[in-house]
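Residue numbers (my numbering), protein chains in the order written: chain A, 640 to 991; chain B, 3 to 259.
It is worth saying that the hints were derived from the structure and are not from the lab.
Be a bit skeptical, because a hint or two may be false.
[What the hints assert, rightly or not] Partial list, computed: chain A residues near chain B (C-beta under 8 Å):
(1) F664
(2) D879
(3) E881
(4) V976
(5) P977
Virtual Cβ for every residue (Gly too), placed ideally from N, Cα, C.
The chain contents come next:
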Amino acid sequence: MPESIITQYKKISWKKYLIISSLFFCLFFAFIISLCSGSSYISPSEVIKILISKESEFDIIIWEIRLPRVLTAIFAGAGLAIAGAITQVALRNPLASPFTLGISSAAGFGAALAIVLGAGKFIQSYLGGIIVFSYLPLIISAFFFSIVVIIVIIFLAKIKGATPETIILTGIAMSFLFSAATSFIQYFGTTEQVASIVFWLFGSLSKASWIGFWIIFFTFLIISIPIYKWSYHYNALLIDDEIAKNLGVNPEKLRLISMILSSLITAIIISFLGVIGFICLVSPHIARMIIGSDNRYLFPTSILVGANILVFSDIISRIILSPIVLPVGIITSFLGVPVLLYLLIKRKKHWY
Amino acid sequence: MKGLKIENLSFNYGKRKILENINLEVPEGRIFCLLGPNGVGKSTLLKCIAGILKPNNGRIILNGKDLKKINLNELSKLIGYVPQNVRPIFSTTVFETILTSRIPYINWNPSKIDLEKTEYIIKKLGLEELAFRYVNEISGGEWQKVLIAMALVKEPILLLLDEPTSNLDLKYQVYVMKIIHEFVRSKNLIAIFTTHDINLALKFSDILVLMKNGRIYAIGEPCSILNEKIIQEVYDIKVKIIQYDNSIFVTTESLAF
Numbered sequence: 640m641p642e643s644i645i646t647q648y649k650k651i652s653w654k655k656y657l658i659i660s661s662l663f664f665c666l667f668f669a670f671i672i673s674l675c676s677g678s679s680y681i682s683p684s685e686v687i688k689i690l691i692s693k694e695s696e697f698d699i700i701i702w703e704i705r706l707p708r709v710l711t712a713i714f715a716g717a718g719l720a721i722a723g724a725i726t727q728v729a730l731r732n733p734l735a736s737p738f739t740l741g742i743s744s745a746a747g748f749g750a751a752l753a754i755v756l757g758a759g760k761f762i763q764s765y766l767g768g769i770i771v772f773s774y775l776p777l778i779i780s781a782f783f784f785s786i787v788v789i790i791v792i793i794f795l796a797k798i799k800g801a802t803p804e805t806i807i808l809t810g811i812a813m814s815f816l817f818s819a820a821t822s823f824i825q826y827f828g829t830t831e832q833v834a835s836i837v838f839w840l841f842g843s844l845s846k847a848s849w850i851g852f853w854i855i856f857f858t859f860l861i862i863s864i865p866i867y868k869w870s871y872h873y874n875a876l877l878i879d880d881e882i883a884k885n886l887g888v889n890p891e892k893l894r895l896i897s898m899i900l901s902s903l904i905t906a907i908i909i910s911f912l913g914v915i916g917f918i919c920l921v922s923p924h925i926a927r928m929i930i931g932s933d934n935r936y937l938f939p940t941s942i943l944v945g946a947n948i949l950v951f952s953d954i955i956s957r958i959i960l961s962p963i964v965l966p967v968g969i970i971t972s973f974l975g976v977p978v979l980l981y982l983l984i985k986r987k988k989h990w991y
Numbered sequence: 003m004k005g006l007k008i009e010n011l012s013f014n015y016g017k018r019k020i021l022e023n024i025n026l027e028v029p030e031g032r033i034f035c036l037l038g039p040n041g042v043g044k045s046t047l048l049k050c051i052a053g054i055l056k057p058n059n060g061r062i063i064l065n066g067k068d069l070k071k072i073n074l075n076e077l078s079k080l081i082g083y084v085p086q087n088v089r090p091i092f093s094t095t096v097f098e099t100i101l102t103s104r105i106p107y108i109n110w111n112p113s114k115i116d117l118e119k120t121e122y123i124i125k126k127l128g129l130e131e132l133a134f135r136y137v138n139e140i141s142g143g144e145w146q147k148v149l150i151a152m153a154l155v156k157e158p159i160l161l162l163l164d165e166p167t168s169n170l171d172l173k174y175q176v177y178v179m180k181i182i183h184e185f186v187r188s189k190n191l192i193a194i195f196t197t198h199d200i201n202l203a204l205k206f207s208d209i210l211v212l213m214k215n216g217r218i219y220a221i222g223e224p225c226s227i228l229n230e231k232i233i234q235e236v237y238d239i240k241v242k243i244i245q246y247d248n249s250i251f252v253t254t255e256s257l258a259f
């Protein structure tokens, strides 16, 4: 007698849970490696000892520098990935991401404005790069302009209806507007200011701090609980608006809420770290490739893929040109582009 | 009071009137067919009943309950709607897609009952072989079956189907209509479907509703209301009605122009 359909479904689900757990272990592995590597190597056993008992000559390096950095990397990667996943699903568009909605341009403009107005203090670092101190006004300004974009999108969606087309076109318009505004500021800025704007635009985990981590962590938690609860609602939204409506889901409302949630987490992450490209676009695609499009599994997988990519990229950024630490945004794009091209070439019909 | 009752329903897109003063009563266990030319408001009427569009006027009463006063989730349990021409961009498997349709019953995770109902409907519609295939790898006819399965898996009391047989070959047309027939009769459902195929309407509906210019033009049992005159009035084309084997068939008069 052939297996019942439910048994088969359960088997497939178990396989998916297995994949999710292995990604989790992979992330744990990356977490430890990340704590070990850097300008001074610390052995894994030493790292674990420090994490448990805190007593070691390296405890400051681990607790004050590397731990906030790697934890920020995990949750920033996770947050960007979930933002990308819900944006793609809600807009039914494989190329959509919070960046398409103009969030990054707006945040970039906010940061640039703050820098030019003298909110950030800069010094020349010993390796020739520029380090920006006094981030707070910069973060607030970047976040403020990201919110402006969200409000414009909500406003237009209210007038014209929250269809994918309206939201994407509004996003593209915002994106161009703020890019132009940033260029305008750079044109009139001093060399130092322009350099620090460029530096900020390349997202970097050197900016990680405990405060930043906690804010990103809590935002991530708060947004991912409803998203996970609604994973079947997102499945319905994936098929069609009318079907979603017939299933008791208000498609326009869910789409708008999704845009707000994904913009919010993206805005917070890039306000703290700068623009980290490609994770929000690529992670959901990689996840879809390994686990399918059922959002119940796609969301957690995207989160883990995103976290893994950012932590590994961060490790690479620290060791590839050591002692120079490259901005991680550059590495994610370098890693992300080949993966995306590979996906485009190898794509199977059911991915998207 | 069992059944569906539509009272004075009107719907406009801006100033354009689409539906005007529709009154209709559909008892349990019956299949009604909406027939009429393109743009006459058949789909709009289905969408109004399904709660997808909000009518400007009028009431829709299902088993004595005014649908306006029911929340979205409860409404979803009562009404199964099959839209026309949908195809998802990101695709899930047939099983996952049909399970998704249990949304009104799912809280955090699908329960054992949700899985069982999904399995039952898959078997009932002969989709076992396709259960774990991705929905954009299956044929148009198979996808139509999935859509109907999605409507049925919720165990609704009202079934609304917007051209369920368009894009289907002859075998699937008959198959799909037979499934609908079987469910309506055995579970005492109320069903309304639209079609452009007059012969299909004749064969599979209990009551025909002929529509013209956003109004109901004629209503009655298929064989008794359809005649050459009324079809010409509604469709503005000359047809011939042929009697054969106790049923009637409609054909256009001649191919010569």
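Consistency of the hints with the structure:
no. : hint : result
1   : F664 : 24 Å, violated
2   : D879 : 4 Å, holds
3   : E881 : 5 Å, holds
4   : V976 : 22 Å, violated
5   : P977 : 23 Å, violated
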